[in-house]
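J.: Could you build all of it, start to finish, from the sequences and the hints given here?
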Amino acid sequence: MPRGREIYERRVRPGLGQEDEGAFVVIDVESGDYEVAADEEEAFARVEARRQGAVFFFSRVGPGGEAVPAHRIGAGAQR
Numbered sequence: 001m002p003r004g005r006e007i008y009e010r011r012v013r014p015g016l017g018q019e020d021e022g023a024f025v026v027i028d029v030e031s032g033d034y035e036v037a038a039d040e041e042e043a044f045a046r047v048e049a050r051r052q053g054a055v056f057f058f059s060r061v062g063p064g065g066e067a068v069p070a071h072r073i074g075a076g077a078q079r
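For the sequence shown, our numbering begins at 1 and goes up steadily by one.
Be aware that one or more of the hints could be misleading.
[Claimed, not checked] Label-pair ranges, simulated between beta-carbon atoms: (1) 46 / 14: 18 to 24 Å; (2) 52 / 21: 26 to 32 Å; (3) 5 / 39: 17 to 23 Å; (4) 42 / 11: 16 to 22 Å; (5) 41 / 62: 18 to 24 Å; (6) 52 / 19: 27 to 33 Å; (7) 10 / 39: 21 to 27 Å; (8) 19 / 53: 29 to 35 Å; (9) 53 / 17: 29 to 35 Å.
Don't read these hints as lab results, they were simulated from the structure.
Predicted, not measured: the structure shown is a model, and the values here were computed from it.
Don't be surprised by glycine CBs; every beta carbon is placed ideally from N, CA and C.
T.: Structure follows, in structure tokens:
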């Protein structure tokens, strides 16, 4: 999902530190709203509470802050 990765690189990654490696990132690809948490369900619940019905990009924070894509769910998600 190019939009989710773009938001990750521009808005999320610059604020990540070494302590975030392995954390989950969930991004609303329309608004750019996101959450970072150690638990995937926690990150999703927090952003989904604000952005119900959105399409989400899921990622883990890899070495050096690199995005390690997980999956996407929400309105319009393709299988």
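J.: Each hint should be assessed against the structure and marked as holding or not.
T.: To see whether the hints hold, each was checked on the structure:
no., hint, in the structure
1, 46 / 14: 18 to 24 Å, "20 Å, holds"
2, 52 / 21: 26 to 32 Å, "30 Å, holds"
3, 5 / 39: 17 to 23 Å, "22 Å, holds"
4, 42 / 11: 16 to 22 Å, "20 Å, holds"
5, 41 / 62: 18 to 24 Å, "20 Å, holds"
6, 52 / 19: 27 to 33 Å, "30 Å, holds"
7, 10 / 39: 21 to 27 Å, "25 Å, holds"
8, 19 / 53: 29 to 35 Å, "32 Å, holds"
9, 53 / 17: 29 to 35 Å, "32 Å, holds"
In this structure, none of the earlier numbered hints is contradicted; all agree with it.
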